[in-house]
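There are 2 protein chains.
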Amino acid sequence: MGDRGGTGGSRRRRTGSRHSTQVTEEEVRGGPAGPDVGAGGDAPGPAPAKDRDAVVGSSPRELSCHRLQESLFSSDSGFSNYRGILNWCVVMLVLSNARLFLENLIKYGILVDPIQVVSLFLKDPYSWPALCLVIVANVFAVAAFQIEKRLAVGALTEQAGLLLHMTNLTTILCLPASVAFLVDSITPVGSVLALLVYTIVFLKLFSYRDVNQWCRELRARAKTGEGRPGPGTRTAKASLGASTDKANGAAAQRLVNYPDNLTYGDLYYFLFAPTLCYELNFPRSPRIRKRFLLRRLLEMLFLTQLQVGLIQQWMVPTIQNSMKPFKDMDYSRIIERLLKLAVPNHLIWLIFFYWLFHSCLNVVAELMKFGDREFYRDWWNAESVSYFWQNWNIPVHKWCIRHFYKRMLRWGAYKWIARTGVFLASAFFHEYLVSIPLRMFRLWAFTGMMAQIPLAWITNRFLMGNYGNAVVWLTLIIGQPVAVLMYVHDYYVLHHEAAPPTA
Amino acid sequence: MGDRGGTGGSRRRRTGSRHSTQVTEEEVRGGPAGPDVGAGGDAPGPAPAKDRDAVVGSSPRELSCHRLQESLFSSDSGFSNYRGILNWCVVMLVLSNARLFLENLIKYGILVDPIQVVSLFLKDPYSWPALCLVIVANVFAVAAFQIEKRLAVGALTEQAGLLLHMTNLTTILCLPASVAFLVDSITPVGSVLALLVYTIVFLKLFSYRDVNQWCRELRARAKTGEGRPGPGTRTAKASLGASTDKANGAAAQRLVNYPDNLTYGDLYYFLFAPTLCYELNFPRSPRIRKRFLLRRLLEMLFLTQLQVGLIQQWMVPTIQNSMKPFKDMDYSRIIERLLKLAVPNHLIWLIFFYWLFHSCLNVVAELMKFGDREFYRDWWNAESVSYFWQNWNIPVHKWCIRHFYKRMLRWGAYKWIARTGVFLASAFFHEYLVSIPLRMFRLWAFTGMMAQIPLAWITNRFLMGNYGNAVVWLTLIIGQPVAVLMYVHDYYVLHHEAAPPTA
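Same order as they appear, the protein sequences are chains S and C.
The UniProt record's numbering applies: residue 1 is where the first sequence begins, and numbers increase by one.
The UniProt record's numbering applies: residue 1 is where the second sequence begins, and numbers increase by one.
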């Protein structure tokens, strides 16, 4: 009530509306109010000092201290500065989660156990099926390379090449799936990782084949059009990566032309690079920034620990406690458990997103001097579900656009069919990565992905701006734990039906 | 991944940074990249349609789809649009509280019981001591009025008037306190309300006496300076409320001069008006807006129900559950309980703030056509504790400045002494309103108010901007439940020590 230092900033912001109120007041009252009446209740800086010398009660400001004005919440006041509410949200969120954390610690004690993590990857310490699978993946990469090598020199026809590539790619998807099914010593986590690696190799080799084929077509067209100078030839040559007039400076990177790219070095650079789309000449960063690399590495290590800790301490007990309500079909408790699970699940997903797309991929890119670091765009501002899907996972999105969506459009498909096709393919891979390791087919992930199509349509059509953004967040926060609970519940029923519940 | 309709807005915002990246990329690569390379990964509107007609793989855009660029989270990217995070905060808060609400319902069932509320006000249905006390308060108002009436005509000397007023004001504070102590049939809630009414009457009559005295002094000076025309006279006259040259229009309100204001009508208008500072001519609103009044009335009724419901359903069980950890001095559980109590306590306080300062006071003001609706300012943006105290309760703040702070400055006190004095007076009244109804003196409220002085100093000195704002919120959210728990704990120990704990 006393101090009025340091608040000048906050007060200054409101001066605009203050003045307008003062004017209307003088108009309405029409009384003897002097120009300093408006400051009556405020008593700005120098006023109290002046009062010390003034005769008691002599100033008219003392007698009239009210002005005709509206409350700030009334719409007539025109006030709209609720900046502090954001801070309130942050403080409330931090406090709520601090309490949840403390409650969890009191209830369960410390559950974090790094040794337990190892058991997720290994059942039998002398059998490493997942690692073997990953090493075997090299065979398929080499096979694709050899096919391309023969195609480049014309030792294989295009038809034979296509057939061989398709066989190769199909095997890439089928081999790990059958191993995950048939080998008993593989753990679910190990087989998820192996399947993930194989999926990535599949997408990369698909892109590798496509780009090399395009290059051959361009080379063929450049040959037939030889001798005839024109813009077409120049474009074709440029696309092949030949140095044109522009790139004759010493600073220019040496660009690789089509058949020269078919080396093991180039193939393995692409296989390890943080992208799914092959290109003959990737943009390269000039040097490895050591401080940047170190920061990302530390983030990587710390966030890995944090994720493991949060899952063990927070998610596992919550999921275990959810099993009983699920079995009893006690709906209000199911919803309560779902909301309780939603918070840690969402936080872990956010950490995972940052860990994978910012820390890990940037570490890999920095080590390989890979220039294109756009692994994600601003999906957090997404005002529609489709904007989210287009921007949260750029490597996959880029691959889908380049090798799937545009291809379907070229084949004459309607846009909405191509779009549905992309979601179908995505849904297939989601289901592939979840169902096979768990050895049960429930189609929850598939349904979840396919549900995005009507959801995207609805949010695009009916919700704009902040409402759309809130719906996107809600989908993320609620949708994921629903799917997680579904799978965990079914897995639990399958494997622990006879055993008594843990919690 | 597929749909790209409706996201133009979000994408357009990022165009600026996009272009600059593209330029650096072309500089670095120096390659044959055409002007449409930048859009490679994006595939804006017309691109897919064009591709349908294009020969497969003919466009160079297909071959190079990467650009040299930083990730958005890297500081080098210059990206700073995290608008969506605010929506995330809101969604997370709503979901967390929805879960808490559901958990509470499952745990306790429905505890809301409107009949129980009546028992808080009445112990014995035939004895209404609190209501009697409120009615008796009229006696003191009439006494103050009669003293002023006699002072105005000179039937009493200023000294005698001051003495009588002081006796009157002291009695106002002492009578309800002694009744609350001695009468057994008064409930704590009833006596809080009675004490609150008496405190308001005390502050109002204090202001009434002050302003009337200032008017007498001005009248005396105007008389002695009569015949000598000058700005001093004009000011004095103006302050007395006389219509000057400005106020001769028909629209001007008839202004009341000093002795004419001493009527019962004027006194009771002031006693019921939503202000603590007396003034001869209050600003008046032109008419009663019926829609505005109805909205505020509905808010008043609904929020009253909501507050009672939240207290019965959420706060009471939480407080009851806190008693055991408090008795056992189990610190981690005490903190957990405190944080659990902080959320409902804070929400109820926010609702209470809106209910009292926006709904109730605006209803009263609208009914009385009272013009000055500034009952609160934008304390939610407060960047320091002192800004909060200056802006959350404007009627009290105005009174403190006008009748306490400035008076102390006129008496020659230093600013910091005057400031401390204001907090001391405020702390006294807080303690008065809590200790007497509970019939125990613990000084928690007094300490809480006095702790604001060092806190205000610290926040003013070390914390600026959003950090200061966050600290203010933290003080509000954490400070209040600490005080509440302290009193409840002590009250519980005093009254229920022998009885077994309820929860």
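No lab work stands behind these hints, which were simulated from the structure alone.
Since the structure is predicted, the reported quantities are computational estimates derived from the model, not experimental observations.
Some clues are possibly wrong.
Note: identical chains are not told apart, hence a pair may lie in one copy or across any two.
[Stated by the list, open to error] Think about it this way: if two alpha-carbon atoms lie no more than 30 Å apart in a straight line, the pair counts; the simulated DSS-like pairs of lysine-lysine are:
id : residue 1 : residue 2
1  : 327       : 107
2  : 107       : 324
3  : 223       : 107
4  : 406       : 290
5  : 369       : 415
Structure-based check of each hint:
For the homomeric pair residue 327 and residue 107, the shortest alpha-carbon distances inside one copy (23 Å) and between copies (19 Å) are both at most 30 Å. For the homomeric pair residue 107 and residue 324, the shortest alpha-carbon distances inside one copy (18 Å) and between copies (16 Å) are both at most 30 Å. When the C-alpha separation of residue 223 and residue 107 is checked against a cutoff of 30 Å, the pair qualifies neither within a copy, at 75 Å, nor between copies, at 79 Å. When the C-alpha separation of residue 406 and residue 290 is checked against a cutoff of 30 Å, the pair qualifies neither within a copy, at 39 Å, nor between copies, at 62 Å.
Proximity of residue 369 to residue 415 under the C-alpha cut-off of 30 Å is found in neither arrangement, the shortest distances being 36 Å within a copy and 63 Å between copies.
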